[in-house]
Amino acid sequence: MSSLGSDLRLAWQLTRGSGRGEWWRIALTAAGAALATGLALTAAALASLRGHYAVPLAEGLLSEPGTRSGVILGLLLLLIPVLGFLGQCARIGALRRDRRLAGLRLAGAAPGQVRRIAALETGPACLLGSAVATAVSVTVMVRVWEHPAALTWVAVALVAVAVPVLGAAAGALALRRVVASPLGRVRRVSPARPGRGPGRLFLVSLLVVAGLALLAANTTSSGPRGPMELRTPLTVFAALLAVGAGSVWLSGATCRVVGRVLAGRARSAATLIAAERLRDDPWAAARTHAAVLLVTVVGTGFVGVRQAFLEDLHESRHLGESIAYYTTGLDLTAAAIAVGLVITLSALAVGTAESLTARRRGLAAQAAAGVPRAVLNRALLLETALPLAPALLLAGAGGMTVGTAYAALTASASWPWAALLVPLAVYVTCLLAAATALPLLSRTVRPAELRYT
Amino acid sequence: MSTRHILLGLLASGPSHGYDLKRRHDERFPQARPLAYGQAYTTLQRLVRDGLAEIEGTDSDGGPERTMYRATDDGTRELARWAGEIAPPAPFVTNEIFAKVVVSILSGGDPAAYLRAQRTAHMERMRELTVVKSASGADLATVLSADFALNHLDADLRWMTTTAARLTTLTAEVDTA
Amino acid sequence: MSMGHNTAGPLLAGRALVKAHGRTEALRGASVELRAGEILAVTGASGSGKSTLVHCLSGIVRPDAGSVTYAGERLEELPEKRLSELRRTEFGVVFQFGQLIPELTALDNVALPLMLAGTGRAEARAAAGEWLERFGVRGQAESRPGELSGGQAQRAALARALVTGPRVVFADEPTGALDSLASEQVMSALVHTAREAGTAVLLITHDAQVAAYADREVQLRDGAVASLEVTA
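Protein chains in written order, with numbering that gives the first Met the number 0: chain A, 0 to 452; chain B, 0 to 176; chain C, 0 to 231.
Please note that the accuracy of each hint is not assured.
[Said to hold, decoys possible] Listed below are several chain A residues computed to face chain C (Cβ distance under 8 angstroms; list not exhaustive):
| no. | residue |
| --- | --- |
| 1 | ALA26 |
| 2 | ALA30 |
| 3 | ALA265 |
| 4 | SER267 |
| 5 | GLU275 |
| 6 | ARG276 |
| 7 | GLY369 |
| 8 | VAL374 |
Hints in this document: simulated from the structure, not taken from any laboratory. Note that the Cβ used here is the ideal one computed from N, Cα and C, for glycine as well.
Start from the sequences and build out the full structure, keeping to the hints where you can.
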């Protein structure tokens with residue numbers, strides 16, 4: 000226990016001695032962890048309910064097991080962009096942290112010790128976020144729910160503990176290369192070969208979330224299955240997942256191809272720099288863009304489904320229930336997608352900022368050599384814009400397929416044109432998110448960066 | 000440096016006369032002090048006296064008569080011994096610059112000013128040597144001999160910089176001793 | 000060059016330059032002049048203000064006090080855009096390392112300044128190839144900076160600094176990370192090309208053997224010029 004104490008002290012000293020970037024990482028990680036905990040807690044609390052249970056919220060949408068499972072599914076799906084955001088936060092200051100921990104290894108720290116310190120640097124931030132979210136959630140829960148079930152309490156406790164533990168484990172996992180070889184990351188030279196894509200990792204986590212979602216859907220819907228209207232959206236979501244996973248894979252490939260094609264024909268300096276950066280490390284872009292594509296697929300699909308569903312609803316009012324019941328469900332889903340988009344865009348902004356910080360010395364040297372700031376700005380935006388265009392086109396097409404398929408299924412008359420606006424809107428907001436890093440670029444490009452060699 | 004052994008070395012490729020040896024010496028060792036003809040002649044006579052070289056004959060070649068010399072077997076053996084023998088690495092530290100700094104302190108002079116002036120002279124010489132070695136068409140022998148001198152001058156310079164920074168302490172030490 | 004200035008006076012002059020980084024004063028009234036086509040070495044211990052002096056003279060930073068005049072223009076009065084343009088067209092810079100863009104090939108790195116000046120890509124690459132040839136790194140044209148040796152990278156960096164035909168090259172410890180042989184190759188390449196093209200070079204170094212390539216040396220001590228030596 001005393002060794003853990005000294006490790007904790009060391010982790011604290013290292014964090015305190017580091018720059019502002021480290022505090023940003025802690026704050027953003029805590030925020031991400033809070034969000035993840037909040038979503039997971041809500042899902043867990045809902046999942047602990049059995050059968051019909053009167054919940055006086057959202058037009059009684061949460062009362063029925065069938066619709067409840069849909070909400071749980073949505074909450075779990077929202078976890079995906081949150082995980083992406085957390086992953087992006089872990090990368091803030093990664094280069095410096097890698098060097099720091101490699102320095103520890105060179106100074107004689109054992110691999111286990113370094114791993115523990117790395118975990119301790121991430122864990123407390125997650126713990127903080129999770130604790131705040133748990134406190135708020137429990138307060139709200141006790142306020143609106145007079146007698147929470149025992150199972151609910153167990154689920155709440157599980158989630159509150161699991162988030163920081165998983166966060167710390169992810170922190171330690173991210174540093175496995177440093178732990179393996181102390182010299183691994185100390186060198187300035189980037190590896191000659193771009194690393195393997197994060198596709199596998201992402202796919203695995205996607206499968207886990209999807210599995211959980213299906214499990215939740217099955218266990219909550221006790222008794223006979225819900226009517227056809229509810230099972231169809233489930234199938235739709237499954238299809239969306241498949242298309243989303245596909246676009247993740249395609250994102251990396253697109254980045255590589257776009258980079259290669261453009262690098263050969265680039266006419267302007269900005270395009271050349273952006274294209275060569277993409278070709279050099281296509282997965283860096285894919286990592287940030289994967290969640291964007293997923294949101295686009297879901298968003299486009301949803302707009303299509305919504306249009307057809309509403310039409311269907313207006314035409315055949317055979318259910319004899321209030322339309323508000325259904326529209327509330329649709330509105331909730333729309334809100335969830337919007338939240339997902341916001342989280343994804345935050346991750347994109349954080350990622351762009353981090354990539355600037357990581358290569359600030361080189362950028363300062365470019366500016367010193369007279370490369371105009373406008374060219375550097377353009378190259379930064381093009382890095383986001385170039386690979387995103389074809390990938391979004393594809394994701395939009397995927398979402399449209401889902402939407403039109405649903406429309407065909409419900410024999411809807413009109414074609415969901417409105418859905419076409421979604422990829423366009425996502426594209427524009429992504430560029431805006433990347434542009435938020437531009438002020439940082441002009442602050443980064445300073446001669447002071449040239450002084451420390 | 001042993002002029003005897005260098006002349007023996009030049010004779011190793013075949014008999015030669017005094018003037019030719021002087022010319023080849025200056026060619027092979029471009030940045031060394033040029034060999035005076037008189038010195039070549041007296042050194043050759045000493046080699047003959049010690050049995051390391053002998054007179055091959057005379058050669059007029061249309062001009063004035065010249066005495067040709069060649070190395071004896073003893074001379075060849077002596078040359079091989081000398082060439083394989085290590086040069087003693089700085090057996091005595093006799094450094095004129097250091098001596099002048101100390102004397103300057105003892106006599107109440109300005110050692111710092113002296114070091115500055117010496118530095119300027121060193122840099123000047125280093126620039127000259129650099130011009131010689133980076134001239135297009137400079138052969139490798141020239142480049143290497145210039146490099147040898149440059150490195151030694153550079154070592155002097157670094158020593159002078161350190162000494163200049165520690166003059167106060169040195170002055171106190173010399174004055175109390 | 001179309002810049003009309005008095006050829007008898009200095010091409011670039013810094014006068015009474017003062018610059019502080021936070022509480023430490025890097026420059027305290029340093030003055031230095033560079034004539035057209037001359038090679039000037041700035042030497043001094045680490046922390047004596049050498050790099051800051053070059054940053055001020057090349058318009059990378061603005062001095063707190065004092066003035067920098069280049070070909071009749073007062074740099075401290077110019078907007079950042081014009082300074083950028085000056086550095087791109089009239090000046091060339093070489094640092095110890097890190098000035099090549101890691102994602103671009105050596106050839107594209109050298110072609111970049113020309114592309115920024117509006118030259119077409121194919122033409123820029125052709126010109127860049129000739130410069131790489133001149134510095135003996137043509138064979139590494141398609142390599143990325145990470146795949147080059149230190150000496151090769153520095154020669155590519157020199158090619159990049161000289162490709163636009165600048166009138167002044169600022170070289171901040173260009174051989175700082177090299178062994179003596181590579182350092183010699185880089186320096187003689189720089190000096191030969193500069194003399195041929197009539198480019199003035201401001202060379203920062205702590206190495207006397209590198210400083211010996213210059214026509215003249217200025218020594219900095221504590222942010223001011225310690226001695227000014229002029230050789231014929």
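Do the hints match the structure? See the list:
Here the hint on ALA26(A) is broken, as its CB sits about 26 angstroms from the closest CB of chain C, past 8 angstroms. A least Cβ separation of about 32 angstroms between ALA30(A) and chain C goes past the 8 angstroms threshold, and the interface hint is therefore violated. With its C-beta approaching chain C no nearer than about 7 angstroms, ALA265(A) sits inside the 8 angstroms limit, and its interface hint holds. For SER267(A), the shortest C-beta to C-beta distance to chain C is roughly 7 angstroms, which falls under 8 angstroms, so the interface hint holds.
Given hint, GLU275(A) at the interface with chain C, holds; its Cβ is 4 angstroms from that chain's nearest Cβ, closer than 8 angstroms. Checking ARG276(A) against chain C: minimum C-beta separation of about 5 angstroms stays under 8 angstroms; hint holds. Hint status for GLY369(A) relative to chain C: holds, with the closest Cβ pair at about 3 angstroms, below 8 angstroms. Interface hint status for VAL374(A): upheld, as the beta-carbon distance to the closest one in chain C is roughly 7 angstroms, under 8 angstroms.
The earlier numbered hints that this structure contradicts are 1 and 2.
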